[in-house]
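Peer 1: Okay, here's what each chain looks like letter by letter:
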Amino acid sequence: MTPLVGRMLDTLDERVALRRPARHLANKVFPSHWSFLLGEVALFSFMILVATGVFLTMFYRPSTAPVVYTGTSAIYAGRELPEVFASIVRLSHDVDGGLLFRRIHRASSHVFIGACIAHLLRVVLTGAFRRPRELNYLIGLTLLLLAVGSGYSGHNLPYDVLAGTSLRILYTLLLSVPYLGEPLALGAFGGEFPGDIMPRLFVVHVLALPGLIAGLMTVHLLILGRQTHTQLPRTGIDGAQRVVGEPLWPWQAARSTGLALGLGATVALSAALVPWSDVDLHGPFEIAQTTNTAQPDWFLFWVEGVLRIYPPIEFHVAGTVVSGPLVGGVLLPLALVALGYAYPFLERRRHPEPGDHHVAQHPLQIPFRAGAVAGVVVLLVLLTLAGGNDVIARLLGLSTESVLWAFRIAVPLAPPLAAWGAAAHARAQGRRWT
Amino acid sequence: MGTSEDEEGLDILQRRVPAPGPGNAVVVAAACAVTAIAAATFAVAVLTGASVALQGTALAAALAGLALAVRRLAPAVFPHVETAEDRDAPEGSDVPLSDVEPVGRRPLLRRVLVAAGGVVGLALLAPLSALRPPRAEAERGTGWARGTRLVMPTGEPIAADDVPPGGIATVFPSDGVGREIAAVLLVRLSGVAPADPTRLDWMVGDDLVAYSKVCTHAGCPVGLFSERTSTLFCPCHQSSFDAARGATPTFGPPSRPLPQLPLAVDGEGYLIAAGDFGGPVGPAVG
Chain A
954 MTPLVGRMLD TLDERVALRR PARHLANKVF PSHWSFLLGE VALFSFMILV
1004 ATGVFLTMFY RPSTAPVVYT GTSAIYAGRE LPEVFASIVR LSHDVDGGLL
1054 FRRIHRASSH VFIGACIAHL LRVVLTGAFR RPRELNYLIG LTLLLLAVGS
1104 GYSGHNLPYD VLAGTSLRIL YTLLLSVPYL GEPLALGAFG GEFPGDIMPR
1154 LFVVHVLALP GLIAGLMTVH LLILGRQTHT QLPRTGIDGA QRVVGEPLWP
1204 WQAARSTGLA LGLGATVALS AALVPWSDVD LHGPFEIAQT TNTAQPDWFL
1254 FWVEGVLRIY PPIEFHVAGT VVSGPLVGGV LLPLALVALG YAYPFLERRR
1304 HPEPGDHHVA QHPLQIPFRA GAVAGVVVLL VLLTLAGGND VIARLLGLST
1354 ESVLWAFRIA VPLAPPLAAW GAAAHARAQG RRWT
Chain B
254 MGTSEDEEGL DILQRRVPAP GPGNAVVVAA ACAVTAIAAA TFAVAVLTGA
304 SVALQGTALA AALAGLALAV RRLAPAVFPH VETAEDRDAP EGSDVPLSDV
354 EPVGRRPLLR RVLVAAGGVV GLALLAPLSA LRPPRAEAER GTGWARGTRL
404 VMPTGEPIAA DDVPPGGIAT VFPSDGVGRE IAAVLLVRLS GVAPADPTRL
454 DWMVGDDLVA YSKVCTHAGC PVGLFSERTS TLFCPCHQSS FDAARGATPT
504 FGPPSRPLPQ LPLAVDGEGY LIAAGDFGGP VGPAVG
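Which chain is which? The protein sequence lines are A and B, in order.
Quick note on numbering: our numbering labels position 37 of the first sequence as 990, and the sequence is numbered without any gaps.
Quick note on numbering: our numbering labels position 271 of the second sequence as 524, and the sequence is numbered without any gaps.
Hints are computed from structural coordinates only; laboratory data are not their basis.
Keep in mind that the hints are not guaranteed to be accurate.
Straight line, CA to CA, 20 Å or less: simulated EDC-like cross-link-like pairs of lysine to aspartate or glutamate [said to hold, decoys possible]:
#1 A:Lys981 x A:Asp1191
#2 A:Lys981 x B:Asp519
#3 A:Lys981 x B:Asp352
#4 A:Lys981 x B:Asp264
#5 A:Lys981 x A:Glu967
#6 A:Lys981 x B:Glu335
#7 A:Lys981 x B:Asp347
Selected chain B positions facing chain A (Cβ under 7 Å, derived; list incomplete) [said to hold, decoys possible]:
#8 Leu319
#9 Arg358
#10 Cys473
#11 Gly539
We treat Cβ as the ideally placed atom computed from N, Cα and C, and that holds for glycine.
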């Protein structure tokens, strides 16, 4: 430590008595296994999102009023565009570093959601959600949902043709809710589609969701700090009492710093190479227009899939309509979310293990868990593929109709089969780490 | 996060000092040099409006160099240490949350206070009504009525001959251009005779028919028409409708036809509506 830094730290310590808590933090133990870094990837990508997002916000105009764009973009120069779309054209073509930071923001959003999902899988598969960590599991799952909400709202902020289509489908999903459909849809959009949605979407994306995410992440980390990490089993160490690993200072700090910088380098390089959702790829949204390539982001492809394969059934019951968008786009996602929140308690009912659990389990140790994860993953992967059934049909040289029917048959059958198979496999293997 | 006990030191299980070598120093120095050059390149690239490929690559090189330097410097300065930390156990309900003892109970007053707080919370939901649209807008209907002129998105009226055989056109009611729920697709059939359940008396001639453009599945615009099969197609979820048979669903998830709009021609030869749609427009409302 240089004398200057040392003197500054002394000065700070004299005023806020920092030495003891700082030392406690520096001695905090981090398990060395790579899978414990997935949450850090999510944290760092969120930081990149906030930093680049602040920059983007300064140039964004959430209004759909028509304006004439007069910048340097060859495609859009002189054209009348919705002001919001024009502001992104300007950001991409006429603002120093605008295109780079917009692309980095988009790339980081994919990393953020992907890392949240991978982190959740690690926690579920190793049983890290068990008592005493149920609360942090519930917070973590909430963070994933907020991340998906951020991804969805951000995807729609450009008001390009993809955004318009995706917002129209959200409007339909809200409308399909029994009895409350019309007030929900009109209330959320501030009128009949597209209503006054852009200012609302804007404030949700740049203020409400990131604020909630930052707050909940802080709580998540504070609870983690109190509870300490789970522990991979190790001979000679009682993992229930102690956690083993490297202290935060110095190697772990270097590792995390390297990870954050490496992540920054990766998204920056990807921004140099990949035109992440460039404004030149899709034109502005116009009422009653859409495109053949209309699609959501990858993490919502499964909703697209279920909307596509749901059979043409709509029935009236108890004064309301049960439609495909209601069952596939509202009830099924809600059921999956509810299952996610309930899972720790369902598993505990099935496998009552009293007391606290701090030692990670082999992913195949609990057949019930292996089956549940396999079932949900197979369901989501199949539905994701169904969201591209026309592409699959083209690639395989089949008719879209036969591919559609294959999915209609596979989606209800394959997940239970996979769950049963995975549970049976886990039972037969009898794998455990301890 | 401070511990209550004064047990400060690390419980070190393993301590290993990496062998010093000249290699590490060279790598750190070289990485720092790359970082400095790349960072300067990045700044110049942004300020001069150079390509995003250069900006991104330079920034990536700067950050990657820094990452490498940090990772390689740490083992040169610090030993590798493995340590163990005790997990804090809950102390149980014997430990009070506060040391200030209550002197009375007053359960009724506490409940009244909670109830009053609840009333405040409920009352604060009332301003949610601000999100609601103006009443007039919520009760407008489709905007189509007998005599309403069909106009193109530009606002110009349209004559029957403006749609070529096998062609389509998107039109709106003259007083509702750009109103999504009112969008209509004019279709001129070609090489096929319209049949039931198409309302033939709602067509102009024997080939010009009008349907709502809002898909009855998820509300996307039904924007594509295949002349050969007279199929209207929605790109969102592949809903397909037979334009020669009353826009009956033929493939995909929709369960209701696109409602047909009765057409007529006014005295000036322009297309008008002869009434409202023959069925509910757009997706199901729960």
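Peer 1: Each hint needs a verdict: does it hold in this structure or not?
Peer 2: Verification of the hints:
1. A threshold of 20 Å between alpha carbons decides the hint, and for A:Lys981 with A:Asp1191 the separation of about 18 Å falls inside it, so the pair holds.
2. With a C-alpha separation of about 82 Å, the suggested pair A:Lys981 and B:Asp519 falls outside the 20 Å cut-off, and the hint is violated.
3. At roughly 30 Å between alpha-carbon atoms, A:Lys981 and B:Asp352 are farther apart than 20 Å, so this suggested pair is violated.
4. A threshold of 20 Å between alpha carbons decides the hint, and for A:Lys981 with B:Asp264 the separation of about 11 Å falls inside it, so the pair holds.
5. Note on A:Lys981 and A:Glu967: the hinted pairing is violated, with a Cα-Cα distance of about 23 Å set against a maximum of 20 Å.
6. Under the criterion of a C-alpha separation no larger than 20 Å, the hint pairing A:Lys981 with B:Glu335 is consistent with the structure, at around 11 Å.
7. Distance restraint check for A:Lys981 and B:Asp347: the Cα-Cα separation of roughly 28 Å exceeds the 20 Å cut-off, and the hinted pair is therefore not satisfied.
8. Below 7 Å, beta-carbon pairs count as interface contacts, and B:Leu319 has one with chain A at about 5 Å; its hint therefore holds.
9. For B:Arg358, the interface hint is violated, the least distance from its beta-carbon to any beta-carbon of chain A being 30 Å, above 7 Å.
10. This hint holds: B:Cys473 has a C-beta 5 Å from the nearest C-beta of chain A, less than the 7 Å allowed.
11. The beta carbon of B:Gly539 is positioned within 7 Å of a beta carbon in chain A (closest approach about 4 Å), and the interface hint is therefore held.
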